[in-house]
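Undergrad: Here is what each chain is made of, one letter per residue.
2 protein chains.
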Amino acid sequence: MAVTRRSVKLFYDVLSPYSYIAFEVLTKCNKLWPSMDLQLKPVLISGIMQKTGNSPPGMLPARAKYMGKDIYRVADYYGIEFKFPPDVFDIMMNKGSLKAQRLLTAAKIDASDHLEELSRQLFRRIWYKSEGITEDGSLKSACNSAGIPHDLSDKFIELTANDDIKEELKVTTAEALDHGVFGLPSFVVEHNGKPQMMFGSDRIFLLAHYLGESLPYPQAKL
Amino acid sequence: MAVTRRSVKLFYDVLSPYSYIAFEVLTKCNKLWPSMDLQLKPVLISGIMQKTGNSPPGMLPARAKYMGKDIYRVADYYGIEFKFPPDVFDIMMNKGSLKAQRLLTAAKIDASDHLEELSRQLFRRIWYKSEGITEDGSLKSACNSAGIPHDLSDKFIELTANDDIKEELKVTTAEALDHGVFGLPSFVVEHNGKPQMMFGSDRIFLLAHYLGESLPYPQAKL
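Protein chains in written order, with our numbering: chain A, 1 to 222; chain B, 1001 to 1222.
A couple of the hints might just be wrong.
Here are the computed lysine-lysine pairs in the DSBU-like style, where the Cα-Cα straight-line distance is at most 35 Å [said to hold, decoys possible]: (1) B:1095 - A:51; (2) A:95 - B:1051; (3) B:1170 - A:65; (4) A:31 - B:1095; (5) B:1099 - B:1194; (6) A:69 - B:1009; (7) A:51 - B:1069; (8) B:1009 - A:194.
If you want the footprint, here are the derived chain B segments under chain A, 3+ residues with CB under 8 Å [unchecked claim]: (9) 1043-1057; (10) 1084-1093; (11) 1108-1117; (12) 1159-1171.
Source of the hints: derived by calculation from the structure; they are not laboratory data.
We treat Cβ as the ideally placed atom computed from N, Cα and C, and that holds for glycine.
When you get a sec, could you build the whole thing from the sequences and use the hints?
TA: Here it is as C-alpha cells:
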C-alpha cells in the first residue's frame, strides 16, 4: 500500500540558531520518511517577534548563558557542525536577516530545487563559519557554496529588491502568524483533522509520532 | 559488570505544568534505567523567577495560546493525565505553591520514601483534578492520596511552619540557581566530568543519551 505523503511546513529564518537545528534534522528526515513532504518556508523572524510582542530568549542573561551550552549539546547529539560567531548579539540585534530571507524567497519562487542547499549554506555561514549574510558578496558566496550557477545567483540577488519577492516574504510570514507562530523554528502538520503548529526543534519527536515514523537519532551511542 | 548509577537531580515545583511532565517521565525512567539515581529536589519557582528576572512563558499571549495546546499533545504522548484548571492564571500568579513546596521539603527531610508519591498527588491536584494546594485541608488530602499515615501527614503540615524546613527550601532553590537554573523543570547530571544543567521536559532525550539509555516512548504507535 502506498504511503500518503503529508505536508509539513517548516517556518524558519537563518538568523535563528535552533532553526538551523530543526532545518538539518527535518531535511534529513525528509529523505528517510516516506510519509513526509517537507515544505521549506523562509519567513522573517523580526516580523514575527514584532507582531507577537515576543523577544529573543537570549535577552534574559541566565537563559543566554544556558543557551550557549545547550545548543552545542543539541547540535552534537544531532551531528550538526555548530560554532557561535563572536559577534552573535550584533548579528541578531542589528544586522538581521532581511536580505538573506528575501534571497531564499527568490530561490523558493524561481528555482526551488536550490532552496534547501542555499538555506543550509546561509545557516552555516552564521552558525558554523562565523561569516556574514548581509553583504551581496556574502550572499553570492552562499550561492556558490550551494552550487548555484553564477547567472542564477546574480538573478536571485537582484530579486531581493523586487516588490513581488518582498511581498511574498511578508505573505509567508503572515501565514506563519495565522498558524499562531510566535517564534522560530515552527512547523505545521495536519493531524486529527486540523493543522497542528509546533514550536521548537524539540517538538520533532511529536511530528515523528504523528507521522508514524522513527527519528534517526541518536546516530551512535556515546 | 555492574552498572554505575549516576545521580540525576530534578529541580521542580508543583506549580509548573511542564515540571509535572518531567516528573512523571523521569520517575518512570528511574524504575527502568539501571544507570540513573533520581534525586527529587523540590524548589520554589517564584524564587527562581525573581532571582533571574525571568517571567512565566504564558505571559506572552501568543505563547500562552500555544502552550494550551502543546501541553495536551505532550501529556498525551507520554500517557500522562492532564487538564488545565479553570483558574490557571490565579493559581500561578496569586495562589502560588509556597506551602506545598515546604510540605514536600518536610517529606524529603523527614520521610523521603513518601516524597515521590506526595509530589505526584500535588501535581495531579492542580494539573488534572482542578483542586487546590494552598489550604491545609488540600495538603492533608494530598497526603491521604499518597498513602501517608495521618499522624505523619499532620507532622508534615506542622513542619511547613518550621524554620529549618523553610531554610532547606531556600537552600535547595539556591542550589538550583548555582547550577544556572532560570526556569523549571531543570535537571542536572554529571557528564564529561562536569555537571550538565538542562532545562525543560524536552531535554530528557539528552539525559537518556548521556546515560546510554533508551526512552520508553512512544508507548504505542498511533
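Undergrad: None of the hints should be skipped; say for each whether it holds.
TA: Verification of the hints:
Proposed proximity of residue 1095 of chain B and residue 51 of chain A is supported: the alpha carbons are some 31 Å apart, at most 35 Å. Taking the CA atoms of residue 95 of chain A and residue 1051 of chain B, the gap is about 31 Å. The hint holds against a cut of 35 Å. Distance hint between residue 1170 of chain B and residue 65 of chain A is fulfilled; the C-alpha atoms sit about 23 Å from each other, no more than 35 Å. Proximity of residue 31 of chain A to residue 1095 of chain B is assessed by CA-CA distance (about 49 Å); at most 35 Å being required, the pair is judged violated.
Note on residue 1099 of chain B and residue 1194 of chain B: the hinted pairing holds, with a Cα-Cα distance of about 33 Å set against a maximum of 35 Å. For the proposed pair residue 69 of chain A and residue 1009 of chain B, the alpha carbon gap of about 18 Å is at most 35 Å, so the pair holds. Pair hint residue 51 of chain A plus residue 1069 of chain B holds up; C-alpha atoms about 21 Å apart against a cutoff of 35 Å. For the hint pairing residue 1009 of chain B with residue 194 of chain A, the CA-to-CA distance comes to about 39 Å; that exceeds 35 Å, so the pair is violated.
Interface restraint, the stretch 1043-1057 of chain B with chain A: holds (3 residues with C-beta to C-beta distance below 8 Å; minimum three). With 0 residues having a Cβ less than 8 Å from any Cβ of chain A, the stretch 1084-1093 of chain B misses the three-residue criterion, and the hint is violated. A count of 0 residues in the stretch 1108-1117 of chain B with a Cβ less than 8 Å from any Cβ of chain A is obtained; the coverage claim is therefore unmet, three being the minimum. Restraint check on the stretch 1159-1171 of chain B versus chain A: 0 residues with Cβ-Cβ distances below 8 Å, three needed, restraint violated.
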